[in-house]
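Undergrad: Protein chains in written order, with my numbering: chain H, 114 to 225; chain D, 60 to 176.
Keep in mind the hints are simulated off the structure, nothing from the lab.
Some hints here could point you the wrong way.
[Claimed, not checked] Derived Cβ-Cβ restraints for the label pairs, each shown as a range:
1) H:S122 to D:G144: 18 to 24 Å
2) D:A112 to H:Q127: 47 to 53 Å
3) D:S86 to H:S122: 34 to 40 Å
4) D:G62 to H:R224: 29 to 35 Å
5) D:K116 to H:P121: 30 to 36 Å
6) D:P67 to H:Q127: 40 to 46 Å
7) H:R220 to D:S125: 31 to 37 Å
8) D:Q113 to H:R224: 41 to 47 Å
9) H:L153 to D:G131: 30 to 36 Å
10) D:E137 to H:S131: 41 to 47 Å
11) H:V167 to D:V176: 46 to 52 Å
[Stated by the list, open to error] Straight-line Cα separation of at most 30 Å, DSS-like style, residue types lysine-lysine; simulated pairs:
12) H:K181 to H:K170
13) D:K116 to D:K70
14) D:K70 to H:K155
15) H:K155 to H:K135
16) H:K181 to H:K171
17) H:K150 to H:K171
18) H:K150 to H:K135
19) H:K155 to D:K130
20) H:K170 to H:K155
21) H:K155 to D:K73
22) H:K184 to D:K116
23) D:K116 to H:K135
24) D:K116 to H:K150
25) H:K150 to D:K70
26) D:K116 to H:K155
Beta carbons: idealized from backbone N, C-alpha and C, even for Gly.
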Amino acid sequence: GENVEQHPSTLSVQEGDSAVIKCTYSDSASNYFPWYKQELGKRPQLIIDIRSNVGEKKDQRIAVTLNKTAKHFSLHITETQPEDSAVYFCAAPYSSASKIIFGSGTRLSIRP
Amino acid sequence: DTGVSQDPRHKITKRGQNVTFRCDPISEHNRLYWYRQTLGQGPEFLTYFQNEAQLEKSRLLSDRFSAERPKGSFSTLEIQRTEQGDSAMYLCASSLLRLEGGNYGYTFGSGTRLTVV
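If we strip away everything but chain D, and leave its shape as in the complex, we get:
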């Protein structure tokens, strides 16, 4: 499978616990993005990486959220001390930013659905 893979597909956790999600992008893509989507809404930007560098983090993202892409390949998103408001679908996407510039279309993973109880 050469698409974007996310693991796990579903996660149910108790409030206050920490959770970590993983994303494996398309191998030749140099950009990786994390978005959050709640029911009936569009994907909301969280953060993105170009290779291993985290270039931007949304102001909506509290200090409880952290993301890494240590070798410029897979990425992890960790949420500490989860709250019920963190319940959402967490989507990962990757894309190729070419040297001549310009964005190209994202390929999304299937997402990780987090439920905080």
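One chain only, chain H, in its complex shape:
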């Protein structure tokens, strides 16, 4: 069925430390895995995505890794800053060219 599971639901890290958020998906045909950041009262915004033909992608302090065999993908944020505080959502398409299903979100708090 359509399912994307996301953990943890809340995460608090010290400023400067790293944060990792993990997701699993159910549809083995999924080929595109975006991550969205949503600040309070604002729209979700795409921050990074990865396609199934690569195992890792980096963009400055953020990176995403993909394990197709295990159907896991993860978001890594290094050198966290206060502005990283937000809710992060992973997502995956139910089929290769269909709508995307969102995880339940991780509320990330950066402690000063």
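Please arrange chain D on chain H, whose structure you already have, making use of the hints.
TA: What follows is chain D alone, placed relative to chain H:
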């Protein structure tokens, strides 16, 4: 503004009334999606269009909900006989599905916050 626009931003309605929301996607995007988001949850899929064709409608969507995209550009989402459980943020997003296949990232609008009293 070349982003996704939604109107209105906020809507308060009495239970039993009908409401209609509008979404204007990014002009070159051929796909348009409607999602619903309640507090503390991820966006929940409602329906999507490719050009003017409605390709899928969530089983969670009752018959009181209907969406249109008559000319393959803007879309409307109508909720008839609103209930308190319909209170949520209704998000529209658009994306480009290219001929060579594959999804590309959604661009979301700011949403319409519906409160049913």
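Undergrad: Decide, hint by hint, whether the structure agrees.
TA: Quick rundown of the hints versus the structure:
1. In this structure the supplied range 18 to 24 Å holds for S122 (chain H) paired with G144 (chain D), their Cβ-Cβ distance being about 23 Å.
2. Roughly 50 Å separates the CB atoms of A112 (chain D) and Q127 (chain H), a value that falls within the hinted 47 to 53 Å.
3. For the pair S86 (chain D) and S122 (chain H), the beta carbons lie near 37 Å from each other, so the given range of 34 to 40 Å is met.
4. Under the hint 29 to 35 Å, the C-beta atoms of G62 (chain D) and R224 (chain H), about 33 Å apart, fit the expected range.
5. A C-beta distance of roughly 32 Å is found between K116 (chain D) and P121 (chain H), which places it inside the suggested range of 30 to 36 Å.
6. Range check, P67 (chain D) to Q127 (chain H): about 41 Å between beta-carbon atoms, so the 40 to 46 Å window is met.
7. For R220 (chain H) and S125 (chain D), the hinted distance range of 31 to 37 Å is satisfied, since their beta carbons lie about 34 Å from each other.
8. Checked against the hint of 41 to 47 Å, the C-beta distance between Q113 (chain D) and R224 (chain H) comes to roughly 46 Å, which is consistent with it.
9. Between L153 (chain H) and G131 (chain D) the Cβ separation comes to about 34 Å, which falls inside the hinted range of 30 to 36 Å.
10. Between E137 (chain D) and S131 (chain H) the C-beta distance comes to about 46 Å, which sits within the given range of 41 to 47 Å.
11. Take V167 (chain H) and V176 (chain D): their Cβ atoms lie about 49 Å apart, and the range 46 to 52 Å holds.
12. With a CA separation close to 14 Å, the supplied pair K181 (chain H) and K170 (chain H) stays within the 30 Å bound.
13. Between the alpha carbons of K116 (chain D) and K70 (chain D) the distance comes to roughly 23 Å, so the proposed pair stays at or under 30 Å and holds.
14. At roughly 17 Å between alpha-carbon atoms, K70 (chain D) and K155 (chain H) fall within 30 Å of each other, so this suggested pair holds.
15. Using a Cα cut-off of 30 Å, the hinted pair K155 (chain H) and K135 (chain H) holds, with the two alpha carbons roughly 23 Å apart.
16. For a cut-off of 30 Å, the pair hint linking K181 (chain H) to K171 (chain H) stands: about 18 Å separates their Cα positions.
17. The suggested pairing of K150 (chain H) with K171 (chain H) holds, with an alpha-carbon distance near 16 Å, which does not exceed 30 Å.
18. Distance hint between K150 (chain H) and K135 (chain H) is fulfilled; the C-alpha atoms sit about 14 Å from each other, no more than 30 Å.
19. Restraint check: the Cα-Cα separation between K155 (chain H) and K130 (chain D) comes to about 29 Å, which is no more than 30 Å; the hinted pair holds.
20. Distance hint between K170 (chain H) and K155 (chain H) is fulfilled; the C-alpha atoms sit about 26 Å from each other, no more than 30 Å.
21. The hinted pair formed by K155 (chain H) and K73 (chain D) meets the criterion: a straight-line CA distance of about 25 Å does not exceed 30 Å.
22. Distance hint between K184 (chain H) and K116 (chain D) is fulfilled; the C-alpha atoms sit about 26 Å from each other, no more than 30 Å.
23. Among the hinted pairs, K116 (chain D) with K135 (chain H) is consistent with the structure: their alpha-carbon atoms are about 28 Å apart, no more than 30 Å.
24. Taking the CA atoms of K116 (chain D) and K150 (chain H), the gap is near 25 Å; set against the 30 Å cutoff, the hint holds.
25. With a C-alpha separation of about 25 Å, the suggested pair K150 (chain H) and K70 (chain D) falls inside the 30 Å cut-off, and the hint holds.
26. Distance check on the hinted pair: K116 (chain D) and K155 (chain H) sit about 25 Å apart at the alpha-carbon level, within 30 Å; holds.
No hint from the list above goes unmet by this structure.
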